[in-house]
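Chains as they are written, first to last, in our numbering: chain A, 1 to 408; chain B, 409 to 790; chain C, 791 to 1130.
Hints are computed from structural coordinates only; laboratory data are not their basis.
Treat the numbers as computed from the prediction; the structure is a model and nothing was measured.
Certain hints may be false.
[Stated by the list, open to error] DSBU-like, lysine-lysine: derived pairs with alpha carbons at most 30 Å apart:
hint: 1; chain 1: C; residue 1: K972; chain 2: A; residue 2: K54
hint: 2; chain 1: A; residue 1: K198; chain 2: A; residue 2: K254
hint: 3; chain 1: C; residue 1: K961; chain 2: C; residue 2: K971
hint: 4; chain 1: C; residue 1: K889; chain 2: A; residue 2: K13
One letter stands for each residue in the lines below.
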Amino acid sequence: MATAQTALYQEPKEELISGSEAIGIACALADVDVITAYPIRPYDTVMQYVSRLKADGAFDFDYIIAESEHSQFEIVKHASAVGARTFTGSSGVGWFYAFEAITVTAGLRMPVVAMVGNRALDDPGAFGVEHNDAMAVRDLGWHLYWVATAQEALDMALIAWKVAEDPRVLLPFALSCDGSFLTHSQAIVEVPSQGQVKEFLPDYKRGTLQLHPDNPITVAPQVNEDWLMEIRKQTDEAMRRTSAVIIEAYDEFKEVFGRGDPSPFIEEYMCEDAEIILVGMGTLAMPTRVAVRRMREAGQKVGFLRIKFFRPFATEEIQNALKGAKGVAVIDRDYSYGSPAYGGVLFHELRSAMYPMDERPVMLNFIAGLGGREVMVHDINEMVETTQKAVDTGRIDQETTWVAVREQ
Amino acid sequence: MATLAVEVVYRGIFQRTLARNIVRQIVFAARKDNKIGTAFGRYSDSPERNGIPAKQFAIVCDTAIELEESLAVYEATNVDVTINLDDAMCKGIESWAWYGLQPINKLTRAGGTLIVTSRQDADALLEDIHQKESAYHLAIIPSTVSFSGLWVYKDDHTDMRVLGTLCKVCPDLVSLKAMKESVDEQTGSDAKVSSVQMAFDRTATRPVEPGEGNHETPFSFDLPGWKNMEEGLVIRAIPEGGGFRGGDEGYQPARNEVFKKWSTRSMRPVINFETCIKCTLCWLQCPDTCFDVTPDGLYDANMESCCGCGVCEAVCPVPDCVTMVSESQFNDNNSQWEAWTADKDSYNKWSTVLVEQQKSETRTHGFHHVGGYDEEIKAEEA
Amino acid sequence: MATVQDLPQIKGVKNIPLEEYYTSGHRTCQGCESALVMRLMIKAAGQRTIVLGSTGCMYVANTTYYSTPWVVPWMHTQLGSAGSAATGTAAGLASMMRKGKMQDEPINVIAFCGDGGGVDMGLSALSAALQHEEYNLLIICYDNESYANTDIQASGSTPWGANTTFSPPGKVIRNMNTRWKKNMAPMMAVGHPNMNYVATACASYGLDFNNKVRRALTAGGPTFIHCIDPCPKGWDYDPKYSHELGMLAIETGLWIQYEIIENELILNGPSRAIAKGIRKRKPVEDYLMRQGRFAHFTKEDIQMFQGKIDDQWEKWWIPGLVPITPTQDNDSNSTSDDAE
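Isolated chain A, as found in the complex (with noise of 0.2 Å):
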């Protein structure tokens, strides 16, 4: 494990570390002002180490063990009114305990940054990979945005609090990080320097809307049926601004610290004359590349998508990624019981956004990797022959195909 010395950190420097750690050394970049902790594996890796950094004098910050998820976040949301820039965090059914803050969060405007370690909900209780935790917010006006690696959690932090604080958007920011994977696990990371981070990351103002006796104001007055129509018209533009200022970040970002993706909000992977497009996100990036570069090898023509940004949807971006495709085989890590298609979530919102197209790409979903169950190459595999006999056959005989799973 990385020591914590921020004071070290005056070049940049190569570590090797996880995805918890890096989002730890980002908040000491980034002089966050109050961080909350409680304990749920596994995104509290993030909360140890960042106890460590609250030890050893690594930045200055206030660093509050609440006692349940509710008041974790509600404690961050508390200080993001009076100006502080905070971080929390929290996984499974530990994010759910804290959703009437979360839900709150987003209405009030307080630029929270949250680490959600997706976790599987409860129950059975279980440590693995799922995405539904996360994903229940997305209606509510967070980011959301699904982290690969631990370089990218740590420069996506950073970016999360200068989006989010940003005084066009002000709407709170999730970064979801699968479980183990990116908690549990270590990657060369390329840790920027304090002098990159500052030239980088304003300082968090508020200015009319901050909570202070210089500033005298009521926040979230009672309404009644004549008013909310109108408070969630305002979220709703926040929400609508802030694919321009992501992009703005982002390209900021590139400039600084000298590394990024062509979008912000997708990476396209040997999309470019893709008959059969998967699409997925979070760590199983990893294992389906791998699957992508062999079929390639193989003469046969896929790619894969990988959505970054969840919540706001780069609804444009994605069409036009896919439209090209002629199937498209959707990995979902998560599942929405009773849905249209019995799938998982993305299945649903990547064909609700391709409906307008002209031409649309035959769909499929794939419920894959609960619990953290591994995402093999030969099931990738498998799904792209089940997309390419539906291409070819015209023809769907299951929508929705539930990955390696034990019948009898």
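Following the hints, complete the assembly by docking chains B and C onto the known chain A.
Here is chains B and C on its own, set in the frame of chain A:
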């Protein structure tokens, strides 16, 4: 084929059961006339608060389809009868479901009827009731206001008297025969059925001409749209107060510009500035921050804000120094201290008369002790 | 580093500051003692204060349709969040001031909750907040003995047998609410021994209440005040008796006025006089029969109630810790008045 609507305007909590009894009984009675109806309160009036005006409605139709169509507009924009259970509300009402001051007869349709329980006469009430462009009728049930509370009901037959009057002024809504039959079925009380009949017999209506009534423009304001509202659910706080009437001495708080609360009261405190010993208790104990502090250290209850709770009267240690007097005695919200300062003799005479008169009135404003309502009813009957 | 404000004890009602930071134009019931708590609380605290208000009557009735009676900065928080709101606000301010991101000055942080939000749902957050000695904050639990804003339901603070919409007296069961009211202030004091200030209060004793708020805000660290608020709607009485019923609660010994300052117990006002034997407790029947919510009580119910209050005074008061008897010497230099 007809749809008829009744609104009952009442004091929140104090008259909640009374209002509910009335609207429900209308629907039960309508069934006896082979009609169909529904009774409901306004969701935006809830949670009700003591004294804050609220409304319940009864809609009666000949057919189920008519009923459905009338309910598609959730709140009636037009009623055939408005029933006002506290004549102080003739001055207009602020509730949670209406912005600004709503005239008591706002929803009463042209040719409809406003029924008021009151000890005042029509001319006195029409000093308060805002003018309308169309003609309507006014019917008065001679009665003091009937207040109960959440748990214990004062069963003084006010509901029965209202229902009897309703049958007289709007026979198309429900017939007297149906009402009496239904009351008998619902309550089994001959006395209640008699009360319905007696009220029916005694009802007199008076026509009100277009433009007749209070000519003041009721307070109103517009709601901003999302582009003009601040972001982040933020509104500006009330500014800090300052000296009395903008001077250097005393103190006068700034107040909420959009919700005033004076229409909540049915009585207001009359202050005797001569006998006040400046103990501070009325000012200190007022939950509504009503008292301005005058330069001479006296306490002037702001009549735009006072909601008539009576705590000031209860805590004042000097006899007759603060007296709650019926709203019917006043036509404005002017400052008493200013009136007293301008002409002490005149004010003192006027206030003394009011205070004396008030002693002969029974103040009924809710529960006092177990058995209290029965005692009040006996006293009223005597 | 920011410490506490200069908020001296107020000597006499004539010296209570005139400035109002909670003003007219809120949709509370006539005679709402909880509103009076709000008014006196912020009057005592002054302008350099941030108030966090959890959901309840003092939220919904106060910030009527997108307007406000507050002159100081005020923010809504969730029903169970008074503790976490206070902690978060204090932490945000402390961190930013220490790091030079904000001007360093003492700002009062007050979070309020009703009995529903404090005694029930928000108990865990409240308890956690009271452990944070590094933050100056005050949590006021205004207790109108029900979930009042949702039209009166029983909470963990509702008196035994009281009529609420969740505990109506019926044909088969007369007293539905058989839970005895939780002893909140002692529980907080015993559970968080490093707190510098815990008090019970009643807005009927306005000067005492003002001074308790000031003591709490200048004591340093997290502090807690629990006040009894007669509620004309839920308790069912003529609103003008709000002040009187508050006093009656104390004069019957049902509610005990005291402070715990750095682990020393100091009784105030009539409670002190009762403990010293100078004054007899009025029978609780006088109090119960003035309220419609107890109108269904039988003689046995009243006797049982009286017995519990007797126990409270004669057997144990802070459970297992401190009995209060007429012989116990409770001399103090408390300045709260007996006169009201």
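Review point. Quick check: which numbered hints come out false for this structure?
Key: Of the numbered hints given earlier, the structure breaks just one, which is hint 1.
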